[in-house]
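Enquirer: Let the sequences and hints guide you as you build the complete structure.
Here is what each chain is made of, one letter per residue.
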Amino acid sequence: MSIRVLLAEDEPHIVESLTFLLERAGYHVDVETDGRSALQSALDNVPHVLVLDVMLPELDGYEVLRRIRADDRTKSLPTLMLTAKGQREDRETAMDIGADMFITKPFANAEIVDAINQLASEQKS
Amino acid sequence: MLSAIIGTRIRQRRRELGLTQAELARRVEISAPYLNLIEWNKRRIAGGLLKRVADALGLTMADLDDISERHLLETLHEISLAPVFKDLGTERDRISELIGRFPGWAKMLASVSKSERDANARVASLSDRLSNDPFLNETVHRMLTRIASIRSASEILRDFPDLSDVRRDRFNAIIHEETIALSEIGEALAVYLDRSEDTDQAVTPIDEVEALFNARQNRFEEIEDATKALSELLTESQPLSRRANAEALCEDRLGTFIEDFVNEQSEIETAAARKRAVRMLRDYAIGAVILPMEEFEDAAKRMFFDIESLAEKFSAEVEIVCHRLTALAPSPETPKFGYMCSNAAGSIIEILGIDGLNVPRYAAACPLWVLYRAQQSPETVIRQRTVFPSGARFVFVARARHIGPIGFGKPRHYVTDMIAISEEDAPLTVYAPDRDVLIEEVGPSCRTCPRFTCAHRVEDPLIE
Chain A
8 MSIRVLLAED
18 EPHIVESLTF
28 LLERAGYHVD
38 VETDGRSALQ
48 SALDNVPHVL
58 VLDVMLPELD
68 GYEVLRRIRA
78 DDRTKSLPTL
88 MLTAKGQRED
98 RETAMDIGAD
108 MFITKPFANA
118 EIVDAINQLA
128 SEQKS
Chain B
117 MLSAIIGTRI
127 RQRRRELGLT
137 QAELARRVEI
147 SAPYLNLIEW
157 NKRRIAGGLL
167 KRVADALGLT
177 MADLDDISER
187 HLLETLHEIS
197 LAPVFKDLGT
207 ERDRISELIG
217 RFPGWAKMLA
227 SVSKSERDAN
237 ARVASLSDRL
247 SNDPFLNETV
257 HRMLTRIASI
267 RSASEILRDF
277 PDLSDVRRDR
287 FNAIIHEETI
297 ALSEIGEALA
307 VYLDRSEDTD
317 QAVTPIDEVE
327 ALFNARQNRF
337 EEIEDATKAL
347 SELLTESQPL
357 SRRANAEALC
367 EDRLGTFIED
377 FVNEQSEIET
387 AAARKRAVRM
397 LRDYAIGAVI
407 LPMEEFEDAA
417 KRMFFDIESL
427 AEKFSAEVEI
437 VCHRLTALAP
447 SPETPKFGYM
457 CSNAAGSIIE
467 ILGIDGLNVP
477 RYAAACPLWV
487 LYRAQQSPET
497 VIRQRTVFPS
507 GARFVFVARA
517 RHIGPIGFGK
527 PRHYVTDMIA
537 ISEEDAPLTV
547 YAPDRDVLIE
557 EVGPSCRTCP
567 RFTCAHRVED
577 PLIE
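Residue numbers (my numbering), protein chains in the order written: chain A, 8 to 132; chain B, 117 to 580.
To be clear, the hints were calculated from the coordinates, so they are not data collected in a lab. Any given hint could turn out to be false.
[Unchecked claim] Under 7 Å between C-beta atoms, here's a sample of chain B residues computed to sit facing chain A: (1) GLU190; (2) HIS257; (3) THR261; (4) ARG267; (5) ILE290; (6) PRO527; (7) VAL531.
Quick caveat: nothing in here was measured; it's all calculated off a predicted structure. Backbone N, C-alpha and C define an ideal beta-carbon position, used for all residues, glycine too.
Expert: Written out as structure tokens, the structure reads:
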């Protein structure tokens, strides 16, 4: 059974590229384009890894992560956060509320795939 | 400290007159050593003795004990304590001597220091504006997102030579689309930065669109003409149905017309402003369909421009009535109306200007405007009679309206519509204030307001 990645991202072109990359890397990718749907999807069918953009409509990425960490089903779900701001306070906020990794846009594809590989392998172990 | 200048001044004046310490001491009936202590600022001098010394030196007491010099002394003392000067070995104990002997240089030093402090404050304020400017923040975010898409797609093209033709074409298309979007953002940013140096010109998409509306006095005859035939097609009586139908008609019949019209307007230079102008002119057209100008103008005069009565008569929302009021041609019976809309955070999200009323772009407007008070009593019209620091008087009429979905447990969000009428024009309207109605002193925004003692001030003015 392939490892499932939930990609919560509202930029369609980034979704297309990341989906392609992750599928090539052997992952199964589910996509949600707003925070509320991403939260629901993560709780209903817990993925192996969550890739969560900060700037999402409906609920922002921080709020999604707060609620994910508050739920027993997903409190330890490995999560990579993405943001286009990259300021120190964004990173600190993400880490404070429980992100496992944090990458700023624009990113290198290899950086994202490596991070997801690492989160997936930690989960397996 | 306060007598420090006096001693130096006495010594300087005594020497000018060619008197010895002993002679002056004799004339004022004190000992020479005591006078010596006074002259070297080791003893205070005041009252009767100060008067005798002043008389003996042919001066007034004020010549010796000048309040402005005291202030200068305190200022220079404060400057000498600044951390940046602490290693210069400033002779802090000889400031009074500097003022006494070289008053011009002392004043120049204080003046230069004040300029430097003001310049630093201005830099800090502008830097704060730059880092908190919503347009710049949003633009940087959008640029980084576009760049992320381009970088990711181009790396895929480079790293996966086995891509199918369909995939390859798709990622090429993504790069193409994103570079166009990035160009538009860059163009808007370049215009913004270019124009930041000239505050009289439009600097954001909002400003560009406002410049277009200002140039047309908020009235677009081309759109009025184009919508005349569409008004007859509106048969619904319920406001929301009328609006939905008007929107569909405008989208269907006028979509291209409005886009072409915007493309021809010299005030609109950037893609972002084009989008905003199209949206606002589409709203203008919807208003024109629901409230055809001739009929609206006639009713507005008869109802003395009462926004709620007009909304009821035309089965329209108050917001649309406010917009239409700004499009009325001023006449002896018709005032010129301005309009603005703010959200709950206090940001002004739409402006249709009126002469003499400067609405701030980079800071919240004056918190005393009824624009910000109306959300305390939603769906209720509130009037405010105002006077600005310039002496300009306006009557503001504000009403908060609910936006977004409603239902139990859902948060209620409001925006406030506000019309502005000069007090001179107000008697033409139902909002004419009686003579005894309180005139509230308001300002434009704290950054540009000279009411220094205002209890509601939250930041210092940028320019004194």
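Enquirer: Which of the listed hints are broken here?
Expert: Numbers 1, 6 and 7, in rising order.
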